[in-house]
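Undergrad: Read off the chains here:
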Amino acid sequence: MLKRSSYSGDPLREMQRLHSEVNRVFQSALPSGPANFPPMNVYATADGVAITSELPGVAEDELEISVHRDTLTLTGERKDPVDSEESSEKSFHRRERGRGHFSRTLSLPFPVDSESVEANLKDGVLHLSLQRPESDKPKRIQVKRG
Amino acid sequence: MTRRPKKNQEAYQDPKAEPDEQDEQKLPAESDGGEPTRSRPTFRPRVDILETQAGLVLMADMPGATPESVEIMLEQRQLTIRADVEDHAPEGMSALYLEYEVRDWERSFTLSREFDMEKIEATMKEGVLTVTLPKAPEMEAKRIQVSAA
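Sequence order for the protein chains is A and B. For any residue, its number in my numbering is found by taking its place in the first sequence, counting from 1, and adding 9. For any residue, its number in my numbering is found by taking its place in the second sequence, counting from 1, and adding 81.
Take these hints with a grain of salt, some might be off.
What the hints assert, rightly or not - Mimicking BS3-like on lysine-lysine, the simulated pairs with C-alpha atoms at most 25 angstroms apart in a straight line are:
| # | chain 1 | residue 1 | chain 2 | residue 2 |
| --- | --- | --- | --- | --- |
| 1 | A | Lys88 | A | Lys131 |
| 2 | B | Lys200 | A | Lys148 |
| 3 | A | Lys99 | B | Lys200 |
| 4 | B | Lys200 | A | Lys131 |
| 5 | A | Lys146 | A | Lys131 |
| 6 | B | Lys206 | A | Lys131 |
| 7 | B | Lys107 | B | Lys216 |
| 8 | B | Lys216 | B | Lys200 |
| 9 | B | Lys216 | A | Lys99 |
| 10 | A | Lys99 | B | Lys206 |
| 11 | B | Lys206 | A | Lys88 |
| 12 | B | Lys206 | B | Lys216 |
Because the hints were derived from the structure by calculation, they are not lab data. Values in this document were obtained by computation on a predicted structure and should not be read as measured data.
Generate coordinates for the entire structure from the input sequences, incorporating the hints supplied.
TA: This is the structure we're talking about:
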């Protein structure tokens, strides 16, 4: 049997495979935060993808979003509360919140137009809207009567 | 064709598990003892509690919560923070891949008495709730006379 690629035929499974693969490669290469921050939800239509992500404590100017073809990368920093408190004497009773640098890469099901990315960060929730380029959209072909 | 979203089955299994820094899955609700105002399960926000000379600073990650949706209640020494969160999933789109769920946030803490309960302040910014609890002025030491019987 001729093996053309490892594509399983299931786009969802394929995306998850790519996603974990990309995460694995990048996490091993970069010294960054936990592999699963920020958590992302991906929604799709024929025209594009919408992504929501929970990023509590990340300011707009501390978040970098980059899109290259079908790869989305979120990079940023979560401040350590130790640095923001002015008092010199401090101790933690609980320290559960994540902190520090994070970087996460997600493979999208298709290439997107990096010019038409819309991003909105509000109340710790990021909304991303990514459009499929016109040239890449599936076209409906009219069948003419013979 | 619509596909049912696959959810991470393992994420919410062990409610007794201590928060793990490497694994940032959402924490399950604290207990069944509370009385939620909505019959919806809640998540327990991750918190940092920092003690300074001035008092305690409590910071809670509550993405999706707004200053209007946050409720802070103090009853006896029990401090409860909660927030109603509206689902922010885009309408009319099919879920392709889901890593987190959206639920209301709720968590309770028991405070010691050394805080000035009147001066508790709270702010909500970028999905993080910060509650500042100033220390009460030091109580005067009382000397109790022991009288001879």
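Undergrad: Each hint needs a verdict: does it hold in this structure or not?
TA: Structure-based check of each hint:
Between Lys88(A) and Lys131(A) the CA atoms are separated by roughly 17 angstroms; this keeps the pair inside 25 angstroms, and the hint holds. Pair hint Lys200(B) plus Lys148(A) does not hold up; C-alpha atoms about 63 angstroms apart against a cutoff of 25 angstroms. About 20 angstroms separates the Cα atoms of Lys99(A) and Lys200(B), which keeps this hinted pair within 25 angstroms; it holds. Pair hint Lys200(B) plus Lys131(A) does not hold up; C-alpha atoms about 28 angstroms apart against a cutoff of 25 angstroms.
The suggested pairing of Lys146(A) with Lys131(A) is violated, with an alpha-carbon distance near 30 angstroms, which exceeds 25 angstroms. For the hint pairing Lys206(B) with Lys131(A), the CA-to-CA distance comes to about 9 angstroms; that is within 25 angstroms, so the pair holds. At most 25 angstroms may separate the alpha-carbon atoms for a hinted pair to count; Lys107(B) and Lys216(B) exceed this at roughly 31 angstroms. With a CA separation close to 9 angstroms, the supplied pair Lys216(B) and Lys200(B) stays within the 25 angstroms bound.
Restraint check for Lys216(B) and Lys99(A): satisfied, since their Cα atoms lie roughly 14 angstroms apart, inside the 25 angstroms limit. With a C-alpha separation of about 22 angstroms, the suggested pairing of Lys99(A) with Lys206(B) holds against the 25 angstroms cut-off. Proposed proximity of Lys206(B) and Lys88(A) is supported: the alpha carbons are some 13 angstroms apart, at most 25 angstroms. About 23 angstroms separates the Cα atoms of Lys206(B) and Lys216(B), which keeps this hinted pair within 25 angstroms; it holds.
Going down the numbered hints, you'll see the structure goes against 2, 4, 5 and 7, while the others check out.
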